[in-house]
Amino acid sequence: MRSILALLRKDLLNELRHREVLSLLVGLAILVALILAIGINGAFISPEAVRKLYPALIWVVSVLICTISIGKSFEYEAAGQAIDGVLLRLDQVWQLFLAKVISNYAVVAVGHFTAMLMLALFFDVPLTVFSVPMVVVALLVLWGYAALATLISALTVRSSLRSMLLPLLLLPLLFPLLFGAIELSSVIMLGSSPQGVSHWLALVIGLDLLYSVCGLLLFEHAVRD
Amino acid sequence: MAAPLRRYSSLLPRPVSLLENSRYFMSATTIENALSARSVSKRFRRLEVLRELNLEIGSGELVLLLGANGAGKTTLLRILSGLARPDSGEVQKISRLALGYQGHAPQAYLGLSLLENLQLAAALLGIATPEKDYLDSWELYDRRAAALQELSKGLQSRAALAVTFAHDPNCLLLDEPSASLDDRSVISLFARIKQSIGGVRGGFALVATHDLNRLLPFADRVLLLESGKVAADSKSSGIENVVARYREGNR
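Protein chains in written order, with this note's numbering: chain A, 1 to 225; chain B, 1001 to 1251.
Quick caveat, the hints were computed from the structure, so don't treat them as lab data.
Treat the hints with care, as some may be off.
Unchecked claim - Looking from chain A toward chain B, a few residues come up when the C-beta cut is under 7 Å (computed):
#, residue
1, 22
2, 23
3, 84
4, 85
By construction, the Cβ of each residue, glycine as well, lies at the ideal position given by its N, Cα and C atoms.
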């Protein structure tokens, strides 16, 4: 526990010192939402249709900006081969995985809820969109996202092509989780038939577990030469 | 006296899962050497970096590892440290030794200060954070709050070594540690190394370097790595001959 707290403190200090990841995340959320709003307004789509698009747009924007930001957060580990120093001193390597997932989870949660807010403001969607079920679904999906993104980031951390490899490897693997996220968000927002909700929820929770277990088991192999 | 061997992971103050279950660790047995590597091979895609390399280092030895660029020095040190896994072969070390590995890079968070890096290392190792005396001994107390990336290359290198030595390791694997250090710092570093590996603790130091002029006076033994193998060893052919062969190869 002491190691995990120390690693979390290190991530927090790095972010407070540089404010790179959160600035990038919030900046991208505003920009992408603004560009989408301009594009969609220009297409003269009805407000009702825009609201139907909203759940899908949230997740597309969220995944896009969070993937860029998580790649940035791993640059701290790659710079000066800092990750080697941690691996040499760490009791159990899964502790590093868990600490990185928790710090990435916090980062993507900030990104996701900023994107939700910006899209709601630009698309004139009521802020009641931040309902408890919507937030719970987002938090569930984002855990799986953070776990998978952390594992893939670790796989690419020693590659000079990591900024390109991360989205290329991550996005296809995220597809089932995103599918579940969009379906659940649509049901909650649009109040459509709740049929199948339990299946989508089970899929999301199952994928959360799968990505977490895979990360715990494979992280050590991912970060070693 | 032969010392009992445990898993490679026992080189650190606590077990290191990174190294557990690695197939190249030999089962517990006894050896006379502080370190022993047998038939170690490693390739990166088509490039064969280490080829059936054999190496033995005795207790208390400070060994310089020479070799041209690409000879396999860094890969060997990474394998011995446990950061990389060999494709085949076995590595053994005496269990009581505490590992200290410093590669080319600082292996510390450049955006954090020396003190913050030391606090992190201490928390991970389960030791107390080194205090003023320790930082004074590296002449870094006044720089403890500066981010590593704000320090000069030489100070950054010294700060990284201070983090590496925080738990008083006596199994030292150092990759070109003198590259950015001034003469005074080199003398101080090697005095510290000699102190760490000497006496009853029976450690060793394996130092990869091209800086022969400054480091040769400290060496007990010199090894020359060529094409992924130990091509010459001063134990059998004398330090002068190994150095001459290295210099000949570099012309």
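Subject >> Hint numbers contradicted by this structure >> reply: 1, 2
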